[in-house]
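**Student:** So the chains spell out like this:
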Amino acid sequence: GAVVSQHPSRVICKSGTSVKIECRSLDFQATTMFWYRQFPKQSLMLMATSNEGSKATYEQGVEKDKFLINHASLTLSTLTVTSAHPEDSSFYICSARVGAGGPTDTQYFGPGTRLTVL
Amino acid sequence: AQKITQTQPGMFVQEKEAVTLDCTYDTSDPSYGLFWYKQPSSGEMIFLIYQGSYDQQNATEGRYSLNFQKARKSANLVISASQLGDSAMYFCAMSPTSGSARQLTFGSGTQLTVLP
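Protein sequence lines correspond, in order, to chains A and B. Residue 34 in our numbering is what sits at position 33 of the first sequence, and the numbering runs on without skipping anything. Residue 239 in our numbering is what sits at position 27 of the second sequence, and the numbering runs on without skipping anything.
Same shape as in the complex, but just chain A:
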């Protein structure tokens, strides 16, 4: 159980294009989903917290107009990197949580998406 999928796993795009990344909880309903960014040899940096049916909460320094998050259902959240530039190249990972407290607060992560912007 507790499987989270992420698609695509790898994407290469030209500068100025938009890229959409999907995150799905396959066998549970996630009240909350999170989006992280990770640079090589570094820890995960939280970008935003997303609850189904409401607007995402972005961390300080993260541009909400550049990183659009939509949480359409209890099993699907999407991250769209708009007008991508080479500095947006990174590893993006989503996670999903049931969120009823205690061990159910465990976040289960997707396999990640490696974005390369040329």
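Hint data in this document are derived by calculation from the structure and do not stem from the laboratory. Keep in mind that the hints are not guaranteed to be accurate.
Stated by the list, open to error - Derived pair list, reagent style DSS-like, types lysine-lysine, alpha-carbon separation capped at 30 Å: (1) Lys65(A) x Lys15(A); (2) Lys228(B) x Lys282(B); (3) Lys65(A) x Lys215(B); (4) Lys67(A) x Lys215(B); (5) Lys42(A) x Lys285(B); (6) Lys56(A) x Lys215(B); (7) Lys285(B) x Lys215(B); (8) Lys42(A) x Lys215(B); (9) Lys56(A) x Lys15(A); (10) Lys228(B) x Lys285(B); (11) Lys282(B) x Lys215(B); (12) Lys228(B) x Lys42(A); (13) Lys56(A) x Lys67(A).
To be verified - Which stretches of chain B does chain A cover? Using the computed rule of at least three CB atoms under 8 Å from a CB of chain A, they are: (14) 235-249; (15) 314-321.
Glycine included, each C-beta is placed from N, C-alpha and C at the ideal position.
Given chain A, put chain B in place with the hints provided.
**Tutor:** Leaving out everything else, chain B in the frame of chain A:
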């Protein structure tokens, strides 16, 4: 605010031996959860073990155990009988158990290499 400190950037262990990965934390929250994740070179974050701050016993999951010392604010991960497949980056993390967001705060990670 919460802070996680992992002071070992890299660790080596011989196959079949046990290894301890250090984690200390700081928080003002009265109740919190502590987590360990494994990240192999493929990039996926794999949940290993959870410890609640009010749990009386140390958590165990197969070959993984969490040495929780609340007074010292430490939550070290012990891997017994190391295997080659245990080579990966390991992250310690914590989150409060109250509040709506309950976001994870991660440490900087420890790169574990298991030697044959």
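**Student:** Does each hint hold? Answer for all of them.
**Tutor:** Hint by hint, here is what the structure shows:
| no. | hint | result |
| --- | --- | --- |
| 1 | Lys65(A) x Lys15(A) | 21 Å, holds |
| 2 | Lys228(B) x Lys282(B) | 29 Å, holds |
| 3 | Lys65(A) x Lys215(B) | 25 Å, holds |
| 4 | Lys67(A) x Lys215(B) | 28 Å, holds |
| 5 | Lys42(A) x Lys285(B) | 26 Å, holds |
| 6 | Lys56(A) x Lys215(B) | 27 Å, holds |
| 7 | Lys285(B) x Lys215(B) | 11 Å, holds |
| 8 | Lys42(A) x Lys215(B) | 19 Å, holds |
| 9 | Lys56(A) x Lys15(A) | 28 Å, holds |
| 10 | Lys228(B) x Lys285(B) | 29 Å, holds |
| 11 | Lys282(B) x Lys215(B) | 15 Å, holds |
| 12 | Lys228(B) x Lys42(A) | 26 Å, holds |
| 13 | Lys56(A) x Lys67(A) | 15 Å, holds |
| 14 | 235-249 | holds (count 3) |
| 15 | 314-321 | holds (count 7) |
The earlier numbered hints are all upheld by this structure, with none contradicted.
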